[in-house]
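> So the protein sequences, as listed, match chains A and B. Residue numbers for the first sequence follow our numbering, beginning at 1 and rising by one. Residue numbers for the second sequence follow our numbering, beginning at 314 and rising by one.
Derived from the structure by calculation, the hints contain no laboratory data. The C-beta atom is built at its ideal place from N, Cα and C for all residues, glycine as well. There's no promise every hint is true.
As the list claims (entries may be wrong) - Label-pair restraints from in silico Cβ distances:
1) A/Ala149 / B/Arg486: 18 to 24 Å
2) B/Gly594 / A/Val103: 33 to 39 Å
3) B/Trp592 / A/His274: 44 to 50 Å
4) A/Val309 / B/Trp592: 53 to 59 Å
5) B/Ala598 / A/Gly182: 46 to 52 Å
6) A/Thr57 / B/Ile375: 28 to 34 Å
7) A/Ala149 / B/Ile375: 49 to 55 Å
8) B/Arg486 / A/Ala3: 47 to 53 Å
9) A/Thr131 / B/Arg739: 23 to 29 Å
Below are the chains, spelled out letter by letter.
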Amino acid sequence: MLALRGVEVRFGEVRAVADTNLDLAAGEMLAFLGPSGCGKSTLLRAIAGLEPLAAGTISLDGDDITADAPEARPFGLMFQDHALFPHRDVGQNVEFGLRMNEVASATRRERVGELLELVGLAGYERRAVTTLSGGEAQRVALARALAPAPRVLLLDEPLGSLDRHLRDRLIGELPAVLDATGTAAIHVTHDHDEAFALGDRVGVMHDGRLHQTDPPAEIWAAPRSLVVARILGHTNVIEGLDGIEVWRSDAAVMDPAGDVEATVERVHFRGVDHDVRLRTADGTSLRFVLATAPAVGSSVRLRINPARVIRFD
Amino acid sequence: MNRLFGFSTRSVLVVVPVVFIGAFFLYPIATILWRGLGGGGGETFLDLAASSRQRDIAWFTIWQAIASTVLTLAVGIPAASVVARLTARRQRLVRALVTVPFVLPTVVVAAAFTEVFSVIGLDDGAFRFRHTVWAILIAHVFFNYAVVVRAVGSYWASLDHRMEEAARALGARPWQAFREVTLPRLRPAVAAAAAIVFLFSFTSFGVVLILGGPRRATIETEIYRQAVTRVDLETAAALAALQLVAVLTLVVLSTRLEHRRLIVGRGARSSRRPASLGWRGGNLAIGLVLLGVPIGVLVERSFSTGGGYGLDHYEALGERARQLPAPATTALWNSVVFALAATAIAVLVGLLASLVVVHGRRGVARIFDLGLTLPLGTSAVTIGFGMLIALDEPPLDLRTSWWIIPIAHALVGVPFVVRTMVPVLRSIDPVLHEAAAVLGASPARARREVDVPIGMRGLVVGAGFAFAVSLGEFGATSFLPRRPENLTAPIALFRLLSTPGDLLQGQAMALSVVLMVLVATAVLVIESGRRGNEGLL
Numbered sequence: 001m002l003a004l005r006g007v008e009v010r011f012g013e014v015r016a017v018a019d020t021n022l023d024l025a026a027g028e029m030l031a032f033l034g035p036s037g038c039g040k041s042t043l044l045r046a047i048a049g050l051e052p053l054a055a056g057t058i059s060l061d062g063d064d065i066t067a068d069a070p071e072a073r074p075f076g077l078m079f080q081d082h083a084l085f086p087h088r089d090v091g092q093n094v095e096f097g098l099r100m101n102e103v104a105s106a107t108r109r110e111r112v113g114e115l116l117e118l119v120g121l122a123g124y125e126r127r128a129v130t131t132l133s134g135g136e137a138q139r140v141a142l143a144r145a146l147a148p149a150p151r152v153l154l155l156d157e158p159l160g161s162l163d164r165h166l167r168d169r170l171i172g173e174l175p176a177v178l179d180a181t182g183t184a185a186i187h188v189t190h191d192h193d194e195a196f197a198l199g200d201r202v203g204v205m206h207d208g209r210l211h212q213t214d215p216p217a218e219i220w221a222a223p224r225s226l227v228v229a230r231i232l233g234h235t236n237v238i239e240g241l242d243g244i245e246v247w248r249s250d251a252a253v254m255d256p257a258g259d260v261e262a263t264v265e266r267v268h269f270r271g272v273d274h275d276v277r278l279r280t281a282d283g284t285s286l287r288f289v290l291a292t293a294p295a296v297g298s299s300v301r302l303r304i305n306p307a308r309v310i311r312f313d
Numbered sequence: 314m315n316r317l318f319g320f321s322t323r324s325v326l327v328v329v330p331v332v333f334i335g336a337f338f339l340y341p342i343a344t345i346l347w348r349g350l351g352g353g354g355g356e357t358f359l360d361l362a363a364s365s366r367q368r369d370i371a372w373f374t375i376w377q378a379i380a381s382t383v384l385t386l387a388v389g390i391p392a393a394s395v396v397a398r399l400t401a402r403r404q405r406l407v408r409a410l411v412t413v414p415f416v417l418p419t420v421v422v423a424a425a426f427t428e429v430f431s432v433i434g435l436d437d438g439a440f441r442f443r444h445t446v447w448a449i450l451i452a453h454v455f456f457n458y459a460v461v462v463r464a465v466g467s468y469w470a471s472l473d474h475r476m477e478e479a480a481r482a483l484g485a486r487p488w489q490a491f492r493e494v495t496l497p498r499l500r501p502a503v504a505a506a507a508a509i510v511f512l513f514s515f516t517s518f519g520v521v522l523i524l525g526g527p528r529r530a531t532i533e534t535e536i537y538r539q540a541v542t543r544v545d546l547e548t549a550a551a552l553a554a555l556q557l558v559a560v561l562t563l564v565v566l567s568t569r570l571e572h573r574r575l576i577v578g579r580g581a582r583s584s585r586r587p588a589s590l591g592w593r594g595g596n597l598a599i600g601l602v603l604l605g606v607p608i609g610v611l612v613e614r615s616f617s618t619g620g621g622y623g624l625d626h627y628e629a630l631g632e633r634a635r636q637l638p639a640p641a642t643t644a645l646w647n648s649v650v651f652a653l654a655a656t657a658i659a660v661l662v663g664l665l666a667s668l669v670v671v672h673g674r675r676g677v678a679r680i681f682d683l684g685l686t687l688p689l690g691t692s693a694v695t696i697g698f699g700m701l702i703a704l705d706e707p708p709l710d711l712r713t714s715w716w717i718i719p720i721a722h723a724l725v726g727v728p729f730v731v732r733t734m735v736p737v738l739r740s741i742d743p744v745l746h747e748a749a750a751v752l753g754a755s756p757a758r759a760r761r762e763v764d765v766p767i768g769m770r771g772l773v774v775g776a777g778f779a780f781a782v783s784l785g786e787f788g789a790t791s792f793l794p795r796r797p798e799n800l801t802a803p804i805a806l807f808r809l810l811s812t813p814g815d816l817l818q819g820q821a822m823a824l825s826v827v828l829m830v831l832v833a834t835a836v837l838v839i840e841s842g843r844r845g846n847e848g849l850l
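Just need the whole structure built from these sequences, with the hints factored in.
This is the structure in structure tokens:
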């Protein structure tokens, strides 16, 4: 449905996004993952029409929309800190896009009611946006973006400003809302857990380039480069004679017969399992998820499952 | 304040500004009101309503001020949109450049526009500009452009521009996004700027007197005509009372607006694209023509000697013209000395008053804040006229004193010092005092280490304004006793301009350029002392 070909965005001499290709299917959810400054927000803004392309094309259902103004594109956009209009109430905020599209006022009121109900804020129409909590503001922003029934919803770190509890709740609710409206979505985040939870596919970005785009389980199990592996949260990088190995955090079990010996430095209890940091005799730092917790300071032996090791030459 | 200062310090802080403002501002103002309301047995300002000439004058004063405000906003808001999207460094440069015209002496600007009209042949004939309302309006736009560009531009820059992007993504065309999202949020800044422009245009004196010609009168110039030309002090007092009531109402309204203005959005400057090339170019062209042409013509004329170019007019400044009691160079020297004295007074009074406004008890602080803004809104003519009729008998007989001029100038300067100091002092986080205290500084030491260096910046800015304002002050000075040792540069300039003759006009241009250079230097000092977008001015 949405297709990007050779997209490039420049800020003066700096290439913020370079040579990027992408296809998004109807109803699909895609997450862009990358460190801050990697160009993921810029790419999102370019898709929305807020940044001009230096090269490349963007097309929707085969029609070239590269030169279209932001208001002419059937996309919705959500910002990290909501960008709700402070001089308008909740209902007027949600209604804004409908009014711009010259929808009749009776229809508008009905649609605003529907959307507020969808995001769990039924009856909030006359509330001032300045009185909303962070989570409520984010739901209003979602309702506002969805009101004109966009084909694609673009989300720029929409959960970044929320506390963890609220984030977990919205991560649960967001896909349901998007499914209910049949909206495709592109989601930008620097948090790999969020990307895995909200993306049918995850695209890893670094230095303005989209390095790899695959379903979460596949990309995590088989990153195509070390850069991608690091961004996905892999930290156990072992440099050997015949190349570099990345040991996934689920690759180790404690076994007296194991051939890796390491000293336990820190244990972080996580409920079901433990996040354990260790250091080998040659100084390599390791981090694994283990079922049982070894004592801090003790020396343990680990067996590494070769099926959970990623190799780069 | 109780925490920061002891009782005796507190008394000095409060007493000095109260005595100064009381004796030299409130007492003269009260005298005007008393006499204007019929206290002296003469005409009251209600009687003025019966005179059709006075009704016409009042009406013209109001409508030209409204027209000036609308025109300035129409030219200034597009420019502000460009400035808001410049980098911080370029914003500072533009702010400094547009401020030069704002502080130019009114007489200099009037001289510049007179020359522009004669150069482009609009001083006579079918498309005459000189002595029309258009001349007045254009000059008001020239002066007040800076107010709109600075106030609206910096407020605009502080607004979160993603609101507009959200609107665009929701289907709003650029002008819809401006009307629906930008304009409502800009309203406090636009309203505050409009109030100031209206006030300045309403009380404009030198511009109307010179560019309007003999037939165009506002309340302000009519006070001058009645008091100085016709020596009808009762009618002048009645007019001044009318002017005061109108201005006080406006000042109270505009400070209200400004208090509301302080809700500033979170500034998000990331990847804000500059305005389009055509829009930037168009606004640059308008700004250059509006501000640059009059100044350019003025400079050109000051060097033009009929046959070619030379320094003749500048050299002539050292000789006494028949119309002047002393050479123009003496007037310049007087002006600089008066400005230094006025700045010293304004800084002392303004600093003490600012401390009261920031650290005083709420009620006292509010009264000080308002009381110190009043001289800014009150017309210079009212101040000069008030001093003329009030300070004429012992113990306060200052008419023969040299100090009357620096005191009058300081009155105009004090509000500038307060206006720049208060935001700076407010910006000092109390946490800094606590941090200093925890690190072992006594309260006095903490003040010295924290407040003094930070406050110094505001003080330099305020002092620069006070100096520039005093150098160019014309309205109040024109009422004060005329003696050779009191001759200031703007007064000398006015007299030269009022006399026909190419040689004197040339001298006037040269004197204007010298004044302009002095004032521009003060502005550059101001802008280099300023960090960020403190205050409205």
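> All hints are to be evaluated individually against the structure, with a verdict given for each.
Each hint tested on the structure:
Under the hint 18 to 24 Å, the C-beta atoms of alanine 149 of chain A and arginine 486 of chain B, about 19 Å apart, fit the expected range. Separation of glycine 594 of chain B from valine 103 of chain A is about 38 Å and conforms to the stated range, judged on CB atoms against 33 to 39 Å. For the hinted restraint 44 to 50 Å between tryptophan 592 of chain B and histidine 274 of chain A, the CB-CB distance of approximately 60 Å leaves it violated. In this structure the supplied range 53 to 59 Å holds for valine 309 of chain A paired with tryptophan 592 of chain B, their Cβ-Cβ distance being about 58 Å.
The hinted range of 46 to 52 Å is satisfied by alanine 598 of chain B and glycine 182 of chain A, whose Cβ atoms lie roughly 50 Å apart. For the hinted restraint 28 to 34 Å between threonine 57 of chain A and isoleucine 375 of chain B, the CB-CB distance of approximately 58 Å leaves it violated. About 52 Å separates the C-beta atoms of alanine 149 of chain A and isoleucine 375 of chain B, a value consistent with the hinted range of 49 to 55 Å. Checked against the hint of 47 to 53 Å, the C-beta distance between arginine 486 of chain B and alanine 3 of chain A comes to roughly 26 Å, which is inconsistent with it.
At roughly 27 Å, the beta carbons of threonine 131 of chain A and arginine 739 of chain B sit within the given window of 23 to 29 Å.
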